[in-house]
Amino acid sequence: MSVTDRSLREAILELLDGRAPGASVCPSEVARAVHGSADEGWRELMEPVRRVAARLADEGRVEITQHGAAVDPGRARGPVRIRRSG
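Offset between the sequence shown (1-based) and this note's numbering: plus 1130.
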């Protein structure tokens, strides 16, 4: 299966659309949704998901958070979450 940045972008936004305002998604949720099978191949998508989420953050569409606070995606280390801006 070929995963594109566009498919990751769409998955992030679709998952957020299904959440309450202010709710977030984990990059692993996005990776699993796009990967679509039960094997562990979704793990390879974690960095691409973070990269696409960072671009969405640069566009003002989402925020990258740690412990509920917005962080700079380029400096974030460890677990992050993605939520709609605003």
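Be careful, since some hints might not be right.
Said to hold, decoys possible - Label-pair ranges, simulated between beta-carbon atoms:
hint : residue 1 : residue 2 : range
1    : Gly1208   : Gly1152   : 29 to 37 Å
2    : Glu1170   : Gly1216   : 33 to 41 Å
3    : Ala1168   : Glu1189   : 27 to 35 Å
4    : Ala1168   : Asp1188   : 30 to 38 Å
5    : Ser1167   : Asp1202   : 31 to 39 Å
6    : Gly1216   : Ala1168   : 31 to 39 Å
Since the hints were derived computationally from the structure, they do not count as laboratory data.
Bear in mind the structure is a predicted one, so any value in this text is a computation, not a measurement.
Yeah, the Cβ is synthetic: ideal placement off N, Cα and C, and Gly gets one too.
A quick look at each hint next to the structure:
no. : hint                           : in the structure
1   : Gly1208 to Gly1152: 29 to 37 Å : 22 Å, violated
2   : Glu1170 to Gly1216: 33 to 41 Å : 34 Å, holds
3   : Ala1168 to Glu1189: 27 to 35 Å : 33 Å, holds
4   : Ala1168 to Asp1188: 30 to 38 Å : 33 Å, holds
5   : Ser1167 to Asp1202: 31 to 39 Å : 33 Å, holds
6   : Gly1216 to Ala1168: 31 to 39 Å : 35 Å, holds
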